[in-house]
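K.L.:
Protein chains in written order, with numbering that gives the first Met the number 0: chain A, 0 to 510; chain B, 0 to 377.
Treat the hints as calculated values from the structure; they're not laboratory data. Any given hint could be a false lead.
Claimed, not checked - Now the in silico label distances, taken between C-beta atoms and shown as ranges:
no., chain 1, residue 1, chain 2, residue 2, range
1, B, Y253, A, N427, 50 to 58 Å
2, A, V413, B, Y253, 31 to 39 Å
3, A, P442, B, D263, 39 to 47 Å
4, B, D170, A, P436, 55 to 63 Å
5, B, D263, A, P436, 29 to 37 Å
Since this is a predicted model, take the numbers as computed values, not measurements. Glycine included, every Cβ here is placed at the ideal spot set by N, Cα and C.
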Amino acid sequence: MLSALILVPLIGAAIVGFFPKAIAPTSSRNIALIFASLPFLLSIVLAAQFNPTNVTQQFSEFIPWITAIGLNYHLGVDGLSLPLLVLNGLLTCIAIYSSDEDIQRSRFYYSLVLILSAAVSGAFLAQDLLLFFLFYEIELIPLYLLIAIWGGQRRGYAATKFLIYTATSGILLLASFLGLVWLSGASSFALATLDSNALPLATQIVLLCGILLAFGIKIPLVPLHTWLPDAHVEASTPISVLLAGVLLKLGTYGLLRFGLGLLPQAWEVLAPVLAIWAVVSVLYGASCAIAQTDMKKMVAYSSIGHMGYILLAAAAATPLSILASVLQMVSHGLISALLFLLVGVVYKKTGSRDIETLRGLLNPERGLPLIGSLMVLGVMASAGIPGMVGFMAEFLVFRGSFPVFPTETILSMVGTGLTAVYFLLLINRVFFGRLSPQVIDLPRVYFRDRAPAVVLAVLIVIFGLQPNWLIRWSEPATTAMSAIPVVAQRSQLASHTPILKSNPVTFNSLQ
Amino acid sequence: MVSITNKPLNHPFATYITRIETGKTLLPDSSENVLDVVGILKSYGIVLDAYSKNLIYISENQFLVLFPFFKYFNGDISFQKLLRHWWHDRINFEYAEYCMKAMLWHGGGGLDSYLDSAEFKTRAAAAIQAKFKNNPFMLGLNQLFPDFLTEQVRVLSYYSALGQFWRVMSDMFIALSERYDKGEIKTIPQVVEHIKAGLVNAAALPITYSVELHGKVYDIVPKSIGLTFLADTAIPYVEAVFFRGTPFQGTVSYNAQAHQIPPDQARFAYGALYADPLPVGGAGIPPTLLMQDMRHFLPDYLHKLYQKRSRREEDDLRVQICISFQKSMFCVTNAAILGLMPYPIDTTVPEEQAVNRAFLVNWMDRFMTSRLQDVQVA
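Produce the complete structure using the sequences and hints provided.
P.N.:
Quick look at the structure:
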């Protein structure tokens, strides 16, 4: 069943790409949409059949592959990967649906999007380090091409920069994985059998540093982030949606799965550094966002800031903070996808993303009133306004991390305040006031321009009001992650701080 | 047509002065402008008809009804109509009241003076006594606060006066549309001439207001006062609604502390000739209410023109209606200016020409911040 999540989009990619007759761009899109919808629906079926109380990998599939080097085709899903799988399915559908109807080389484009989706699903499902690495590398190629071919004016520069950074990430990751397996004396790359505890702490720290750098590029964390704003600015809207919504999550997922999961002792040693790194990312991302005049670049820097929260929560490694990191991944996936979609509509209709040029787009007749209203909702969610999923995620991050890293948590909370600052600047300049003369005669906004954003906005509100519908899939698994001895010890320390005199805080105990 | 002996001046709007002096119009003459103006005035005429009937109904049938829940129903109340009202499938009579309040507030003309006279107070007092003759509570309240009900009667007098004014204007605009349909109107000067003729013909129509209470008629504004259509309703209306208006919320945020609102009402410039059509569409603001009403009665030819003209098709209909409406209001103002000229526009007497020019300069000074320049290109 899990293989279908990878195979169906690949089959779709092959059909769209190699269809013997010429197909209109809209037909290519419709075929791609069908092959993207099937895995999405399948992931929902999986979620329905998933047993949240079982913290082991479920629906496992194992096929021996190249046993000589210890590589096996081993898939599984748990509470950490399930929400991200569903998110990947949803955002792939949205990205395809919101692609331009008359896009050039449409068959190639949709094939690449489907391959990208398959590779991301594969990475989330992989239970073998080498298999994860393969999927992690495979997704680089379609993404590179999607930016390089369908991007903006500086697409070549942005795509190459992206490739150099993420290929470096791949090399570091492979080196760390190989080191981990060889030094621990494991016979295969199977995730379940790896045990790093026998390794000297210094070795563990070195390995973890490799993993941190690898995923730090992918997330990205400051100062490894410079590829992201360029990639976002040059990528087309649907690709930005996928990039911010799903692909960055491979980094944070990898940190939790392989950093915290495989090297908990080293994680404990480096955790204070990670927390400081998170704060730097949060504050740097927010500060840079304030200075931007390009809406898309502002949202991109906002992403860098918000991904820092996940690192903070992961560094704290309390049951609540690990759960919060998963929630923040989903929350950021939905919110950043919404913001990029809306910026995309603004750009498509006005031909500009310049905050200093655009004005008054909330004009009810000649502006983009619904897009503007959704943007207000999106930025409120991003700034952590209660009632939306962003609030729940950030609240849990701070609540879970504060007992372990109080100073860092408070500094990160400043980042939330700064989010409100730059997004209010954006809203005030772009959407309020009298419509700018440059954009007085905008083309009509159609249902298909609005529909994907409406879907995301609804989800943001629903999960904001009912976060338990999201958290119930992950809480047992994230709690189990914190049961790793070293992490559990940290959690217990957290629970004995003067602020929290209760048992380790979990989401359900907060309710 | 007229030889101009005294060449205009350095006035920034000298072009428009020359245009009027030479028999042309403020709005450029083009077939599209004619279609725009006549089409919008047709729908405006239909809307004014509804407004007029409702204003007169309120003044006569809701006299001193202090909680007039059903004042917009013109006496025809049913559950179905109530549902339609709540669903907002209706005419926005609030716009008519907005105009009435603007007139009441800015005053001007004989009606305003009369409503402050002792005679009005006596007549209003008699009507109040009759209305509440079986209501000692209200009569007691009237004794305690004698200005309260009197002021309500003043407001109702304005309801009636505006209703009578719009009755004439509605018929005039519908007649214009019919003449256009017959092919008699082909140019903007003809449109202006039609309106001017209408205003002149109705100039001396008496403006009166009476209510029937318990079988007896009470004249609040009797004919003997001598109030007439042009001087006592048309001119104050143009002044209050076209020029001054009120700095309503919703379109632009005016900051009184920053002196964006002049302390002197006479210097207000928020009227229809100054309104920015772009913010139209915001919920509840007066221009939106009127454009929304006219939208229901757009002639097909105008609707098609809007769809052809705009990239947004139906999405910005109300802004387009407002742009057309503003053009038409410049035509009405143009007609009013011609009707009020001190001397005939084609006079050849230099002294009269000079007086006419001074009169026009005065108008142009007021147009300086209006949308006159914008309607030249729109």
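K.L.:
So, against the hints stated earlier in the document, which numbers end up violated here?
P.N.:
Those not satisfied are hints 1, 4.
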